[in-house]
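Protein chains: 2
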Amino acid sequence: MKGSSGGDDPASQPARPPTVKDVAERAQVSPMTVSRVLAGGANVRPQLRRRVEHAALELGYRRNENARSLRPGHKSGLIGVTITNIANPYYAEMQGGIEEVAAQANRRIIVGNSNEDPDRERQLVADFIGRRVEGLIVVPADPAHSDHLDSDALGGTPIVFASRPVPGLDVDTVLIDDIGGAYEATSRLLEEGHRQIAFLGTRTSVLTGQRRLQGYRNAHRDRNVPVYEHLIRTGQQEAAGAEKALAELLVHEVPPTAVFSANNRNTLGAIRAIAKFRSAQSQATDLRLIGFDWFEFADLSPVPLSIVAHDPRELGRRAAQMLLARIEGDLVRPAETVELPVELQLEPRGPQ
Amino acid sequence: MKGSSGGDDPASQPARPPTVKDVAERAQVSPMTVSRVLAGGANVRPQLRRRVEHAALELGYRRNENARSLRPGHKSGLIGVTITNIANPYYAEMQGGIEEVAAQANRRIIVGNSNEDPDRERQLVADFIGRRVEGLIVVPADPAHSDHLDSDALGGTPIVFASRPVPGLDVDTVLIDDIGGAYEATSRLLEEGHRQIAFLGTRTSVLTGQRRLQGYRNAHRDRNVPVYEHLIRTGQQEAAGAEKALAELLVHEVPPTAVFSANNRNTLGAIRAIAKFRSAQSQATDLRLIGFDWFEFADLSPVPLSIVAHDPRELGRRAAQMLLARIEGDLVRPAETVELPVELQLEPRGPQ
DNA sequence: TGATTGTTTGGTATCGTTACCAACTGCCTG
DNA sequence: CAGGCAGTTGGTAACGATACCAAACAATCA
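Chains W and P supply the protein sequences, listed in that same order.
Mapping the first sequence onto my numbering, position 261 (from 1) lands on 261, and the numbers just tick up by one.
Mapping the second sequence onto my numbering, position 192 (from 1) lands on 192, and the numbers just tick up by one.
No wet-lab data here; the hints were simulated from the structure.
There could be a bad hint or two in this list.
[Unchecked claim] Cβ pair distances, simulated, as ranges:
id	chain 1	residue 1	chain 2	residue 2	range
1	P	G329	W	G130	22 to 28 Å
2	W	S35	P	D150	33 to 39 Å
3	W	A126	P	E343	46 to 52 Å
4	W	A240	P	E253	14 to 20 Å
5	P	E116	W	E229	47 to 53 Å
6	P	Q214	W	A275	36 to 42 Å
7	P	M32	W	D117	33 to 39 Å
Small disclaimer: the values here were computed from a predicted structure and weren't measured.
We put the CB at the ideal spot given by N, CA and C, even for glycine.
Please put together the full structure from these sequences, using the hints given.
The structure is reproduced here in structure tokens:
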């Protein structure tokens, strides 16, 4: 490296990155020879090879991958990822899993935040395809507006849905076993003798929430235990709403003796509601609480808590693996949906 | 769109994405006219324009951005981001802030996980430059091994360091006010009358940790309060280590009456240690605890807690803004270091 | 020595796109 | 009716890299 920053002459050069041609001139060879050296140096005289390597180093030459990917047979090495909310630790973990597998396959990920907006998602996907990504991993923003995710619309670019299904599209999908996890948790509560179990969840247009409610209902049905509809409270996206909802239920004439909360936001609200209710009442009326999703510091909950734990990182890994399988040839295999197992932890443990 | 997936003939075509040439043939015009239509359609007869638009839609044509970025004057629209640990919610938030600002400037981010390994970081940066990213945002893995981040080595690609400084490199940097935050927290404890304040932190090769320790020392120095060196415990990267370290201090002959913990991992360990110590002792010996970093559910801590809160999302935003300023022309302004303010929250609040 | 083989090197064309220029159209003006 | 002009269209070249072929050369054998 030379001492100055940028090109050779700070003033005269317009700081254009060097090309094979520049390296070739400096090494007094043809561009082809430079290309050959950079490709491994087979069938190049050692003397020339050293000269070229030296010139490349001096100029700070880097192959232009965009130009390279233009040539027939070459791929971009990019995988496009759209996430509904990057800042959510759950999806952050998932992205970590995707990146891990992609990196092993020498691919980079290009990430966009759809912010739960299908229009934004459409733009992002269009941009990614324009960059000739080899494949897409998408957390679908809205199953009802997903025409742009149809394989026809993608022109053959492989795609995998992560975390949320899109009914009607025949596409590889990786999900958490929402139904099974909710079923297991509810069953546990029923087996412990509870007959009035509150359900706290998000709005049911989020399919994940819908599936967890279904597991709750299935568990009741299979044991011939009636569901108290007034104990089912959906629509709480944030902790504050969940706290309010449970607080109302606790003073109902038929109050719950146990609570199943369908995600960690609702669990947090439930914990607060129970903690406040306990300090208001003189006796220690501890409600039984099971929540879907692990969260940091779950083991420090001031209220006894069990959780349905799962591994978003593994979800990301699996999605990336399925995508790479498609990319590396298997385009005919029928679309597949994988449901990752969950684990009912009676005592929450540390990070997974 | 046609009914079949991929090209026109599922069997005969090798599923190559359509090009301007394909669209031109179908619309019975020259490639140039197609290009013009796609560029906005100025000076094209409406009839032809419609024919081209129709043909493009039918074929599912998308401009190849890689080919486009090859032409002089055009940029890649990519920003490279390397993070030491994507799964850490702190950096996930930061990435969210970067993406937000980048998206507004119609840029995509391409993300790699360095996993605290400077070699991996070097590879990622090389790859990004090969893809002709317009700029880089890097959380430096190891300040001592950062030659590859020198502006000479980058060949003029603008770079911004986020969250951690690299002494010796004259580069735009966005930091948290570590020293000030630690100073403020420690000062508060001293003003409350505490004279034996434990310090829990990471290994000091992480400069962030080093800066927080400095703030702790400065607060003592400015008030002429001696520091008990045995109360300073660094080297705990995870909660388990922090719990053990504090447990040892609590049975020391000169035990702490308050604890300052320099990051959320250590805070978690401290909470656990204090909770266990409290239940072991019969009396309620509540240690005063202040921790650096906000974390989810901090308000649910079973042990009284104050925190030094800051906003990683804003950090990401600022880094992206500084980078974009460089990209969009301002290459001569001298390198700048910004320290974002922190807030001492005596009662932890919800997410920022 | 001439023919044959193998190695090293460079010229040319191409990937997909678009800037630039040239050519052509139809229309208006002098 | 020639000349000019605005509007429209297509040909050519270039961005950076490299696969393919051909040329030049050295080494080997009959």
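A quick look at each hint next to the structure:
Between G329(P) and G130(W) the beta carbon distance is about 25 Å. The supplied range of 22 to 28 Å therefore holds. For S35(W) paired with D150(P), a C-beta distance near 27 Å fails the hint of 33 to 39 Å. A hinted range of 46 to 52 Å is violated for the C-beta pair A126(W) and E343(P), which are about 40 Å apart. Distance hint check for A240(W) and E253(P): the Cβ-Cβ separation is about 47 Å, which falls outside the suggested range of 14 to 20 Å.
In this structure the hint that E116(P) and E229(W) lie 47 to 53 Å apart at CB holds, the actual value being about 52 Å. For the pair Q214(P) and A275(W), the supplied restraint of 36 to 42 Å holds, since their beta-carbon distance comes to about 38 Å. The hinted window of 33 to 39 Å between M32(P) and D117(W) holds, with their beta carbons roughly 36 Å apart.
The structure fails to meet hints 2, 3 and 4 from the earlier list, while all remaining hints are met.
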